[in-house]
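In order, the protein sequence lines correspond to chains A and B. Under the working numbering, read the first sequence as residues 1 to 475, first letter to last. Under the working numbering, read the second sequence as residues 1 to 475, first letter to last.
If you're looking for bench data, these hints aren't it; they were derived computationally from the structure. Values in this document were obtained by computation on a predicted structure and should not be read as measured data. Check before you lean on any hint, since a few could be wrong.
As the list claims (entries may be wrong) - Straight-line C-alpha distance at most 35 Å; calculated DSBU-like pairs for lysine-lysine:
hint, chain 1, residue 1, chain 2, residue 2
1, B, Lys217, B, Lys259
2, A, Lys452, B, Lys99
3, A, Lys336, A, Lys259
4, B, Lys452, B, Lys267
5, B, Lys452, A, Lys99
6, B, Lys217, B, Lys171
7, B, Lys48, B, Lys182
8, A, Lys336, A, Lys38
9, A, Lys48, A, Lys182
10, B, Lys172, B, Lys268
11, A, Lys172, A, Lys182
12, B, Lys171, B, Lys259
13, B, Lys346, A, Lys267
14, A, Lys267, A, Lys346
15, A, Lys99, B, Lys346
16, A, Lys60, B, Lys48
17, A, Lys346, A, Lys336
18, B, Lys65, A, Lys259
19, B, Lys36, A, Lys346
20, B, Lys65, A, Lys346
21, B, Lys36, B, Lys268
22, A, Lys336, A, Lys65
23, A, Lys346, B, Lys259
24, A, Lys268, B, Lys99
25, A, Lys38, A, Lys65
26, B, Lys172, A, Lys336
27, B, Lys60, B, Lys38
28, B, Lys38, B, Lys171
29, B, Lys60, A, Lys336
30, A, Lys36, A, Lys60
31, B, Lys267, A, Lys346
Protein chains: 2
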Amino acid sequence: MTRTTVASSAKQLSSSINNQLRHYSAPIDSSIPGSKLKFVPTSGTYPKGFRVSATHVGVKPSNTKNADLAFIISDTPAFGAAVFTTNRFQAAPVQVSRKILETRGGAGIRSIIINSGCANAVTGQGGLEDAQAMSDTASTMFQQRDQPDDTQGSNSLVMSTGVIGQRLPTKKILSKISTAYKNLGDDHAAWLATAKAICTTDTFPKLLSTSFRLPGKHHDGIEYRLAGMTKGAGMIHPNMATLLGVLCTDAPISQRALKPLLVEAAKKSFNAISIDGDTSTNDTLAILANGAAAADQETPPIEPGTEDYDAMQTVLTDFATRLSQLVVRDGEGATKFVEVRVRNAKSESDAKLIASTIARSPLVKTALYGKDANWGRILCAIGYTQGLSSEDSVVPASTNVSFIPADNSATKEEGVLRLLVDGEPEQVDEERAARLLEDEDLIVDVNLGTGKQEASYWFCDFSHEYVTINGDYRT
Amino acid sequence: MTRTTVASSAKQLSSSINNQLRHYSAPIDSSIPGSKLKFVPTSGTYPKGFRVSATHVGVKPSNTKNADLAFIISDTPAFGAAVFTTNRFQAAPVQVSRKILETRGGAGIRSIIINSGCANAVTGQGGLEDAQAMSDTASTMFQQRDQPDDTQGSNSLVMSTGVIGQRLPTKKILSKISTAYKNLGDDHAAWLATAKAICTTDTFPKLLSTSFRLPGKHHDGIEYRLAGMTKGAGMIHPNMATLLGVLCTDAPISQRALKPLLVEAAKKSFNAISIDGDTSTNDTLAILANGAAAADQETPPIEPGTEDYDAMQTVLTDFATRLSQLVVRDGEGATKFVEVRVRNAKSESDAKLIASTIARSPLVKTALYGKDANWGRILCAIGYTQGLSSEDSVVPASTNVSFIPADNSATKEEGVLRLLVDGEPEQVDEERAARLLEDEDLIVDVNLGTGKQEASYWFCDFSHEYVTINGDYRT
């Protein structure tokens, strides 16, 4: 059902590119490291009725040329939903966007305005006014033009990423919003530039698009599209790993279906990745659905409890998962991309807690960096996972840990490197382990043998580069 | 009341020693790095009726000369108690020691036998038999000699640390236990050698001793003594950060008082330190109390609910805190020793959860390594702390964060560098911040302003060296 135009073209590229360590931070000339080019699409299929732009503001005074204002608009009022950081210190744009969605009941959203270079976090009342002003000015673009009767106030969500504890150069930003409106476009170049404008220390823009069909008869013959961009996880003094994500679809999703679809997708994607376990003040994932692909065919919107809803959920979760994985691919200093699968757990929550504990263990992460098949550290992390549902969630004698190569051999029995079988260590073939750990990608398979539930998590390793980047080390 | 003979002599040493980064692991010749010498006592006051020894076994075949078997005995039956790792994978010696304490109700304990070089963890039924055999053989030393009527089986606790997933060379170890018994001594050299024998990749032995008096009239004129040793947190493939600790006192502590005293002391010491947040399969902290100092004066034992109990608790907690801090001093690759104090919290549990979250944040730890006054990352960690008692546990507008130098100026107002005041960032004097962060020691003060409880945590930074050590990086 899901067809990805990006993945195939990216694969063609990848074969000719060598793996390279990323540099200290994003190159100053904004060039993309060779090892990351395979993750950047060269074309895409974008949803109807959306236009996007990237505009230079110079939020950071040192930025004299790179676009740092992204504007994503829907030509018609869209339904909108978002999930926000659970951090108790919530940045001003998080508070403002949340309020707008609440006030409008998630309806009549026209745009998302995003600046990079300053997170507008821990900025007090003034910061709230700045975020509101960005949203208001963006909203004006539509209120003046085609919605004079909209009395519910701002219809633009707002996001910021960058330095915290500093006020936005608000006047400068506001003065460029009409330029951003004039710059709007709907081709691949516009989407890619916009994905780049939300980046901070990312080494490559994170953009995906896909097209799909829905099973219901009303949707017969209609091709829907879904595009998404994300950024993170780059942190240089005093930035934090703000994770921003925007999803846009031209499928007709109802107001009450949109939020649960997003929440479920986020649970298995953006909430199942880890760079270093730190959760920022600004994390936001938003979705807009304008129904433009079906607008002239009077197609009824997707409602909860239907076959179309389930299909949409599958598409959205799969898409969000792939998008979120790009964040891990660009983890600071990362040399490994690891999926940890926890299977046969007593509950999905148990599986996720264990996967997340493994993904956050500095000992596991440094061992992977060192290409060391250190099952002891994985076992140890399983054993100290907090908050499991019962005493029997982990039983040493039924615990199995294996490494699986993340290529086609993953399905073959001979591809599996067993490390721990029913709680007893295997004699590890160190040579095979070393070969397996030479690859950038790896699957860590944990079979708890205590139930039937499972969960996956994606993470990267801890490298010297990670310490260099985050220590802002002065040599 | 508490007098520490070690601290003063250590201080004299410290002034002449420069700070140095530790090497890849413990030097092969067992020499102690110059920067750590100040933490190693040159004399001590040790409890009566205890004798200790360090004997070479060669648990690791590559170890041809360093002592790796520690034997700590009480000349008379002692009360014993222990706290063990909460990891669900519990090493064989943990299971055996726990059983012995249960069977005997914590009474009639004669010794602790400890090997380094192999953790006897994840070794199945055979491993349990090995640990039991170590305990049984150690017990024989006393059963044959002076306790023919003791029918409760083993009276020796057992601990192991080192590689996991490998069986002990049990015959080799057992054959050396009578030598270990013959080697027993009670002078400083014997205690220091024993503290060294339990080390793995530690760069220095961790030993403290102190003497104290108790307020009750029965204790008038009696000097009690308390000695302790610990090891951790060194991990090289496939070791984990086993933390072992042994406390011995000649004070007369009753059977039912000993365990709660230890649990409370551990809560504020060994359970309030963090190297990297990983909890091992072998962690054990044990205490023996033989009452030898008071034995000929018919002094009644310390019982719960008395003035003496409270005094003993203060002594023990203070002592265990200083001992546990030595583990942080030897944290892998550590260049900083940081105390985080969380004050004015709604509950002690809230304060401890927040302190522990800050202590575990890779972003905070790398910023400290980089000598970066990055309050944003501290704030962020406060904000994402899980499991707090209520929604109002953290209120941005009442949150204060400061850095305090860990020397005498800590008490002076001008020594405090305010970073965040009532949720608003301060204009930081970067030059002063830089000076403050040049010191090895630092206090991070968090004032939540939501209650009256507090907790402290001690941790170290994440350095390139940490990644090198734990990545076992092959250059």
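Tested hints:
{"no.": "1", "hint": "Lys217(B) with Lys259(B)", "in the structure": "holds (24 Å)"}
{"no.": "2", "hint": "Lys452(A) with Lys99(B)", "in the structure": "holds (33 Å)"}
{"no.": "3", "hint": "Lys336(A) with Lys259(A)", "in the structure": "holds (33 Å)"}
{"no.": "4", "hint": "Lys452(B) with Lys267(B)", "in the structure": "holds (19 Å)"}
{"no.": "5", "hint": "Lys452(B) with Lys99(A)", "in the structure": "holds (33 Å)"}
{"no.": "6", "hint": "Lys217(B) with Lys171(B)", "in the structure": "violated (50 Å)"}
{"no.": "7", "hint": "Lys48(B) with Lys182(B)", "in the structure": "holds (18 Å)"}
{"no.": "8", "hint": "Lys336(A) with Lys38(A)", "in the structure": "holds (15 Å)"}
{"no.": "9", "hint": "Lys48(A) with Lys182(A)", "in the structure": "holds (18 Å)"}
{"no.": "10", "hint": "Lys172(B) with Lys268(B)", "in the structure": "violated (38 Å)"}
{"no.": "11", "hint": "Lys172(A) with Lys182(A)", "in the structure": "holds (17 Å)"}
{"no.": "12", "hint": "Lys171(B) with Lys259(B)", "in the structure": "holds (33 Å)"}
{"no.": "13", "hint": "Lys346(B) with Lys267(A)", "in the structure": "holds (31 Å)"}
{"no.": "14", "hint": "Lys267(A) with Lys346(A)", "in the structure": "holds (18 Å)"}
{"no.": "15", "hint": "Lys99(A) with Lys346(B)", "in the structure": "holds (29 Å)"}
{"no.": "16", "hint": "Lys60(A) with Lys48(B)", "in the structure": "violated (67 Å)"}
{"no.": "17", "hint": "Lys346(A) with Lys336(A)", "in the structure": "holds (29 Å)"}
{"no.": "18", "hint": "Lys65(B) with Lys259(A)", "in the structure": "violated (66 Å)"}
{"no.": "19", "hint": "Lys36(B) with Lys346(A)", "in the structure": "violated (47 Å)"}
{"no.": "20", "hint": "Lys65(B) with Lys346(A)", "in the structure": "violated (48 Å)"}
{"no.": "21", "hint": "Lys36(B) with Lys268(B)", "in the structure": "holds (24 Å)"}
{"no.": "22", "hint": "Lys336(A) with Lys65(A)", "in the structure": "holds (32 Å)"}
{"no.": "23", "hint": "Lys346(A) with Lys259(B)", "in the structure": "holds (34 Å)"}
{"no.": "24", "hint": "Lys268(A) with Lys99(B)", "in the structure": "violated (42 Å)"}
{"no.": "25", "hint": "Lys38(A) with Lys65(A)", "in the structure": "holds (25 Å)"}
{"no.": "26", "hint": "Lys172(B) with Lys336(A)", "in the structure": "violated (41 Å)"}
{"no.": "27", "hint": "Lys60(B) with Lys38(B)", "in the structure": "holds (29 Å)"}
{"no.": "28", "hint": "Lys38(B) with Lys171(B)", "in the structure": "violated (38 Å)"}
{"no.": "29", "hint": "Lys60(B) with Lys336(A)", "in the structure": "holds (32 Å)"}
{"no.": "30", "hint": "Lys36(A) with Lys60(A)", "in the structure": "holds (25 Å)"}
{"no.": "31", "hint": "Lys267(B) with Lys346(A)", "in the structure": "holds (31 Å)"}
Hint compliance for this structure: hints 6, 10, 16, 18, 19, 20, 24, 26, 28 are not met, and every other hint is.
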